[in-house]
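Engineer: Whenever a hint applies, use it, and build me the whole structure from the sequences.
Protein chains: 4
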Amino acid sequence: MTIAQDGDLALFISRDYKTFLVQLREGQKLHTHRGIIEHDDCIGQTWGQDLKSHLGQRFLMLEPSTADLVRQIKRTTQIIFPKDIGYILMKLSIMPGATVVEAGTGSGGLTLAIARAVGTSGRVISYEMREEMQNLARKNLERVGLAERVELKLKDVSEGFDETDADALFLDMAEPSLFLVQAAAALRGGGFFGTIVPTANQIIRLLEALRGQPFGLVEVDELMLREYKVVSERLRPLDRMVAHTGYLLFARRIATSKPDQEQTETRIDDQELNASEE
Amino acid sequence: MTIAQDGDLALFISRDYKTFLVQLREGQKLHTHRGIIEHDDCIGQTWGQDLKSHLGQRFLMLEPSTADLVRQIKRTTQIIFPKDIGYILMKLSIMPGATVVEAGTGSGGLTLAIARAVGTSGRVISYEMREEMQNLARKNLERVGLAERVELKLKDVSEGFDETDADALFLDMAEPSLFLVQAAAALRGGGFFGTIVPTANQIIRLLEALRGQPFGLVEVDELMLREYKVVSERLRPLDRMVAHTGYLLFARRIATSKPDQEQTETRIDDQELNASEE
Amino acid sequence: MTIAQDGDLALFISRDYKTFLVQLREGQKLHTHRGIIEHDDCIGQTWGQDLKSHLGQRFLMLEPSTADLVRQIKRTTQIIFPKDIGYILMKLSIMPGATVVEAGTGSGGLTLAIARAVGTSGRVISYEMREEMQNLARKNLERVGLAERVELKLKDVSEGFDETDADALFLDMAEPSLFLVQAAAALRGGGFFGTIVPTANQIIRLLEALRGQPFGLVEVDELMLREYKVVSERLRPLDRMVAHTGYLLFARRIATSKPDQEQTETRIDDQELNASEE
Amino acid sequence: MTIAQDGDLALFISRDYKTFLVQLREGQKLHTHRGIIEHDDCIGQTWGQDLKSHLGQRFLMLEPSTADLVRQIKRTTQIIFPKDIGYILMKLSIMPGATVVEAGTGSGGLTLAIARAVGTSGRVISYEMREEMQNLARKNLERVGLAERVELKLKDVSEGFDETDADALFLDMAEPSLFLVQAAAALRGGGFFGTIVPTANQIIRLLEALRGQPFGLVEVDELMLREYKVVSERLRPLDRMVAHTGYLLFARRIATSKPDQEQTETRIDDQELNASEE
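Residue numbers (the numbering used here), protein chains in the order written: chain A, 1 to 278; chain B, 1001 to 1278; chain C, 2001 to 2278; chain D, 3001 to 3278.
These are calculated hints, taken from the structure and not from any lab test.
Virtual Cβ for every residue (Gly too), placed ideally from N, Cα, C.
Heads up, a few of these hints could be off.
FRET-style restraints, in silico, Cβ to Cβ [said to hold, decoys possible]:
{"id": "1", "chain 1": "C", "residue 1": "GLU2159", "chain 2": "D", "residue 2": "THR3046", "range": "37 to 43 angstroms"}
{"id": "2", "chain 1": "A", "residue 1": "GLY27", "chain 2": "B", "residue 2": "LEU1178", "range": "42 to 48 angstroms"}
{"id": "3", "chain 1": "B", "residue 1": "ARG1240", "chain 2": "A", "residue 2": "LYS74", "range": "25 to 31 angstroms"}
{"id": "4", "chain 1": "B", "residue 1": "THR1002", "chain 2": "A", "residue 2": "VAL181", "range": "16 to 22 angstroms"}
{"id": "5", "chain 1": "C", "residue 1": "GLU2175", "chain 2": "D", "residue 2": "GLY3035", "range": "38 to 44 angstroms"}
{"id": "6", "chain 1": "C", "residue 1": "ARG2240", "chain 2": "B", "residue 2": "GLU1175", "range": "21 to 27 angstroms"}
Structural biologist: Here it is, written out as structure tokens:
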């Protein structure tokens, strides 16, 4: 992967920090505000190099990261931010080989990140009710070469998911508290559940709705990302930051007989973790 | 993966939130403060179920998440927190099949998370100078069944890494600013670089040291995780939180001829991202 | 105020950072874990000096700040933190000469800070229903010499406040949304209203209750204080911080005919502030 | 203060949230983008009322808060934010009657807030080297009726302050670490010192410079303010926030013989506060 090859995704970054995501194809051209880049001049070059447009303007050629891809997708809706995606993948334990169900697909940003994380041995099934959203997500996934790894379903999840043994399930919907029964039915025992909502009201409704459902080890978190100016003589946070993307809620699918009340109300104290084995 | 099997890792959680991580083995027993659990009573059961100890105490049996495993490792040093690990995996684009170099190994917490993310098709090479740390990390990796996926090297990285084409490289060392030349040599063109340090002084030294080195698109970030009480009638953040785990620095390995000064000083503005293809 | 005098409040800080707040009185003694300090050895000394106990242990003698006093009060309830008090005083525009109403008194921490801010020309009226709380607050105020500046009332504010022209009114009560009518009646036109609550649910109820009431320019804020290790070679935030003290809500008392809906829903954008005078 | 009077400061807020700060004067007019307001129509009215311009547009008439005044000052430099000002006033224990020294004056935002807090019995002395800045600050102070409470000095503080017994001193300068000797000389024993700087590098230099100086109980803090959307059905933080205004450093002026090293390095632990009196 040291050399850019025909078919690879490439990210070009101009000196004024415009970025261009393209799939390299013999004979094709990338048109930019700073001139044309011939794909043939890129194929066979090492990544991380400066290449010049026909106007002599320099562009850095890089393989896009997952975060780059998520930021580059065409979108009509709010996407989930990389800071949240990274944490979601950790908390849902999404690894190569996993079967992951998602609803709704939206523009496909999280879908894309999950698809990369589960690898060729994993499965991603993503539900969406709005056909035009699904089409947009499909295009986004095709553009980054991940379409065949994702099964897109045009379906209302209020009628239930088709799956019953998902390792993990994530809801990115307007009112996830309405779909907990369906989510529980789609998850295998011990499966990982997650959702993201913008308002405190929705978290309150989710916590209420979880009471009757077979979920335990409930957690609600928010992540704040603070970026710094990267000048060694004047190290300081950027002036402004994103204050809020969403509240994240995570839980584990447990057996139907709910253990007891406090299961959902207390979190494991790291300090007390202690294993003794025979 | 619906049914717990001989050889599986299992996490048992008591009603007072003690957790026990064990590998299920026919004929073995788990001794806890609330009685003994026979592995034979667990093997063949579905995950997410309550099982009882010989004292009748209930334990929830779950497959551990990556975050659970990281928290469960035996450690003599500070580990990297799950919130940071998730973001590191995103920013370093660590996916199935990737070749990732790490130094130092420490207790092996991040090593473990990377090993799970790269899957069986990936490679993790982790350097450590202190033999007892390496032994601890090896034990931690063996315990979770990931030892064969990681190559542990007992070596001082100031003499350089053996690798030259790593997709990503992460430094978790006392003074990473001293090892940027070695890191650059180990990374392929366009490779992902990351490090975490506790103090602002170290970030200042890193930014200074990066000036002469073939890295671009430098970012410095910190992530703050705020956890909430999961009680629907009284939604509020927990009283206290971890205020600081570390400053994260990310960069891309670029070609040796450093483009220009501001490359390292400005970050891409999301608002300006815009692709046009032919 | 350069010299400590008979009757002054003094804060003694031992080398192991225990603090002792006393009123200096001729002939009295301060007993500490590190020996006895004779008040007569302190009176007449300059502030900021080291004094020695009869065991030769050194103590720094300082005048207490408002923040010191708030932290030193005897309390049976959660006090409001200095970070929040400072902001409350700013937002409620509490200055020398102001008339400020508060309910409930609690341990008197905020009462004390308000009393200092309004000076001898101001008035503080503080309501409390629980006699033992009022007694505790009275003792705390007497101890710091502010009792005569505060009128403590033992009264249920659900029956209304006695005042009708308060410049500012602050509610520190279990459910402030129930007392907005009474608060509005106690405030003069344009008066400042504030409250603090621990949960999001209470903020939601406050915003609902405000709808029918003569308040405008509503704001909800939270303040996070991050403290740093003060070591120049290793500058970094402390490991842990207070994640949450409370949500603050501020509003202005407006004329009864509520202007229009969005008055309470939008906040003034600083960018648009612009004055033109003739 | 229930009725607006000739000479009062008034803040007019239009329905599109433009704000206009004026001193009410008989016979004068306020020209706005929504019509003219006659001061004579305002004088004698109660605060908090809606008044109409000659075009029938409604304006809310309020007395400005300290925070309003700070935001309304004409400025050519970055002002200190209300969240920081409130905390500074608390930490420096600025109360009616205090003598406070400040450098530099800048646009006079903090000067104004201090002048209001010390009342008519207090003194504010503010140093500035740039004449045009001082003139701007003077105009800002005159406009809000506080000019006579502040002594503006056009002077380079590297030559020292004229005062020797200030209760509190605040530095808002490009490099405050260079003026600690002068600050120490201006403060009475036990006096309060504070400063704000934008970068971590400056805090590092301040901590280094403090080592040889007669200051103790050093603290470094930052305050993050998160504002919420005030809609009861959708309670959530605003999308974006100010990520950083500055690092605050506070210390107490102690006697010249510096106690010992750790005095500056540890902060008082609230948990250990405990007083015993005789």
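Engineer: Hint by hint, say whether it matches the structure.
Structural biologist: The hints, checked one at a time:
1. Separation of C/GLU2159 from D/THR3046 is about 25 angstroms and departs from the stated range, judged on CB atoms against 37 to 43 angstroms.
2. A/GLY27 and B/LEU1178 have their C-beta atoms about 46 angstroms apart, which keeps the hinted 42 to 48 angstroms range intact.
3. Judged by the Cβ atoms, the range 25 to 31 angstroms given for B/ARG1240 and A/LYS74 is violated: they are separated by roughly 42 angstroms.
4. Taken as a hint, the range 16 to 22 angstroms holds for the pair B/THR1002 and A/VAL181, whose Cβ atoms sit roughly 19 angstroms apart.
5. For C/GLU2175 and D/GLY3035, the Cβ-Cβ distance of about 42 angstroms falls inside the hinted range of 38 to 44 angstroms, so the restraint holds.
6. Hint check: C/ARG2240 to B/GLU1175, Cβ distance near 25 angstroms, so the stated range 21 to 27 angstroms holds.
In terms of the numbered hints stated before, the structure departs from hints 1, 3, listed from lowest to highest.
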